[in-house]
Amino acid sequence: MTISRREILKAGLAAGASLAIPSVLRAQTAPMDARTVHMVKAAGLSIFDPTVTTVNMTLDHGLAIYDTLFSLDSKFMPQPQMVGKWGVSDDKKTYTFGLRDGLNWHDGTPVTAADCVASIRRWGQVKPGGKFLMARASDISKKDEKTFTIVLKEPLGLLPTLLTQSLYVMREKDADTPATEAVTANIGSGPFTFNHALAKPGSSFAYDRNEKYVPRSEPSDGLAGGKIVKVDRVIWDLIGDQQTALAALQAGEIDYVELPPADFYPVIESDPNLTLQVLDASGQVYYLRMNCLQKPFDNVKARQAVLHLVNQEAYLSVISPDPKYSSTVTSFFGDGNPVSNDENTGWFKKGGDPEKAKQLLKEAGYAGEKVVILQPTDWAEGSNTSQVLAAELQKIGVNAELAASDWGGVAARRVNKGPVNEGGWSIFITTESNSSRGDPTATESLGASGEAGWFGWPKSAEYEALRAKWADVQTIEERKALASKMQQLAWDLAGTVFLGRVVSPIARRKTLTGLIGMPELVPMWNMEKA
Amino acid sequence: MTSYILRRIISTVAVMAMVGIFVFLLLRLAPGDPAAIIAGKSATAEMIAGIREKLGLNDPMPVQFIRWVRDMLGGDFGTSIFAGRPVLELISQRLEPTLSLSILTMILSVSVGVSFGILAAWRTGGLVDRLLAAFSAFGYSVPVFVIGYFFIYFFAIRAHWLPVQGYVPIERGLGPWFVHLVLPTVALGLGFIAFIARVTRASMLEVLSEDYMRTAAAKGASSYAMLFHHALKNAGVPILTVIGISFAYLIGGVVLTETVFNLSGIGRLVVDAINNRDYPIIQSVLILTSGLYVVINLTVDLAYTLIDPRIRY
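Residue numbers (my numbering), protein chains in the order written: chain A, 1 to 530; chain B, 1001 to 1313.
Derived by calculation from the structure, the hints in this document are not laboratory data.
Keep in mind it's a predicted model, so treat the numbers as computed, not measured.
Beta carbons: idealized from backbone N, C-alpha and C, even for Gly.
It is possible that part of the hints are untrue.
[Stated by the list, open to error] Computed Cβ-Cβ distance ranges for the label pairs, DEER-style:
id: 1; chain 1: B; residue 1: Val1015; chain 2: A; residue 2: Ala391; range: 25 to 35 Å
id: 2; chain 1: A; residue 1: Leu402; chain 2: B; residue 2: Asn1297; range: 38 to 48 Å
id: 3; chain 1: A; residue 1: Lys200; chain 2: B; residue 2: Ala1217; range: 51 to 61 Å
id: 4; chain 1: A; residue 1: Glu211; chain 2: B; residue 2: Phe1138; range: 48 to 58 Å
id: 5; chain 1: A; residue 1: Ser317; chain 2: B; residue 2: Leu1029; range: 36 to 46 Å
[Said to hold, decoys possible] Example chain B residues on the side facing chain A (calculated, C-beta under 7 Å, incomplete):
id: 6; residue: Asp1033
id: 7; residue: Ala1036
id: 8; residue: Thr1044
id: 9; residue: Ile1051
id: 10; residue: Gly1074
id: 11; residue: Gly1084
id: 12; residue: Pro1086
id: 13; residue: Leu1088
id: 14; residue: Pro1169
id: 15; residue: Val1186
id: 16; residue: Arg1277
id: 17; residue: Thr1299
id: 18; residue: Val1300
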């Protein structure tokens, strides 16, 4: 066989092209530029209005595009943000707020006092802190284009703190939307603008640096101080599969993964380009709620039985196997909060107390009624803890069964106050920010107003009377004393039972720095990418 | 032929009506409430009730159904409960990744699968046939997420040749578009290659044992002529059927591949919508997908006449 010169040339070209393929492919997959940060958030963003929901993703979205009147600093103290000068009258009943200079909406129009008043009124219809304020306010009105007042029936020293609770200021025309209907304009006055052209619901969202934003002159401190954006664009990529998200982080395609599963921690820690970082040092409290309206948990002794039964270590072992990131919690006001205390925590025993639980069940007259535990199968931690709970209850003779569905099913069913044979429920498991448990005015689950209250509907007039005083006490010592009394009653009432506290680190590439650590929320200003 | 097509179109309307009723009832009877999901974990019953009312979810089911059908017949497929955008806009955003992946997978599967099938039939019982049988068993039995993670590890993380995830629209360049689709296409295509190769081999073997093939061989026809002019044409109907079914399956069934490689296609749209109980999206996608199935089946039926002139409608 003879080989022609042309064939040799052809073969050489083909070989050269083949060898060049990896470099061509690498060029196509080159890391993105340093002024764009790719973040994989814990869940998808499907609601854009932070007033109508309690979903954290939406609150983060709100934090990016909207501004707030007051913000909490790293010591959880309220500091003015949009507000410039402000003051309170001598009788402590009239607060006057002036907007600082340089505040403009993303559409170019100036922020006015009328926008703030409308936003407060809308927020006051749905958010716990807002409802609390509206019940105490006799008038909220604008004085001039940049000044508004809040007039109270009685002094309320907590007012600036209440204004930090998920109150995102919107344009008046958006804030006039009913509080049950989501605003989708996404026009705020915050440090980022929402990039409508790049928005792909269910896939990715882009936030651009608001070049016209005028930050406060104070240094960044928690959510307060100057919000200085140091990147051009932040993209939230929704990667449904955690394994793929980790691979993308390793390959440098993304910079940040918000909630990596605990079994990925060793892989992340062993990668020289990656690191784990705890942003929310307060963490999340896992707890169960019992239906206090139906048998068997309409009997307080039956609820106390569950309180004594629960072995928090067992639950933590299925939520977060690394003890570095979890701890037991006994204070009704969460772990490590200013008002956390040890009052009436004698129920806590390492490993739980099944014998005491059996005795209490007997005293409650438990007669084998079915106990339905709502098991959210699409939320691994919720599903696993539900199974542990069912096994614990069955061991002490409770007729417990799991009702499996996705979280959507749980959310719909937990509204039902009826008995289990009419589509009701007995127990569901959920989580809450540990830090939010330090403030009963802002947290629905810390109420005990019966059927008017939050799912589970525990009722104690005595407890509610103490809770109503929360905003009136002035000093932290007084608040601690009040918290002790409330906790005494709350653990006797036993509508809520803790399963443990977990701190979840985020995973990031080491080139991404400057992330601000605050409970639940992840602000995007101040971060930098090398 | 025209009356056949008309008959098929009329039957399509009946099928779509059945699908519509089924989908609507199934969604409404399944547990879950979009209002509760919108309001979030810590929401109160009051917040949820307000949102339900606003969304019109408290209206009687027949009223909701009539409203949906009326709007759809007017070309309005509704607005996503969550995204607040027209459903058709969301679907069109997601159509490109799904169609790109499906078309590339079909091109790969048909070209490689049919070639392998012919090769295996031609060398039946030999080493090539056995190797291809082993490959088919492997391709058909290994789930796409296993092979997907394997590819990601070796070609994206270790070698850095290809991206781990994501989709780049074709308008941003053929190169980036193609590079982002290589791994998902090959991962998804393996099963279809195996399937099409098995069917092609079986169909070809059946035809190759026919008397007229022996006659052709006796008359001195070349292997090429026997395989491609005589055998493949006559074996074409079952192969075409399988290709049609595979393509229809691909359009609606790529969700696993889309998830592993983070391609924001129709599959992911539906899964997210189901999790959120975003009824307008689920209903519209299922109706449109059913319509697409019917159209593909009709196209395949008509294509039979091109392959086998004896088939007449």
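Going down the list of hints, with the structure as the test:
no. : hint                             : in the structure
1   : B:Val1015 - A:Ala391: 25 to 35 Å : violated (47 Å)
2   : A:Leu402 - B:Asn1297: 38 to 48 Å : holds (41 Å)
3   : A:Lys200 - B:Ala1217: 51 to 61 Å : holds (58 Å)
4   : A:Glu211 - B:Phe1138: 48 to 58 Å : holds (55 Å)
5   : A:Ser317 - B:Leu1029: 36 to 46 Å : holds (38 Å)
6   : Asp1033                          : holds (4 Å)
7   : Ala1036                          : holds (3 Å)
8   : Thr1044                          : holds (6 Å)
9   : Ile1051                          : holds (5 Å)
10  : Gly1074                          : violated (23 Å)
11  : Gly1084                          : holds (4 Å)
12  : Pro1086                          : violated (11 Å)
13  : Leu1088                          : violated (13 Å)
14  : Pro1169                          : violated (10 Å)
15  : Val1186                          : violated (14 Å)
16  : Arg1277                          : holds (5 Å)
17  : Thr1299                          : violated (30 Å)
18  : Val1300                          : violated (32 Å)
Checked against the numbered hints listed earlier, the structure breaks hints 1, 10, 12, 13, 14, 15, 17 and 18; every other hint is satisfied.
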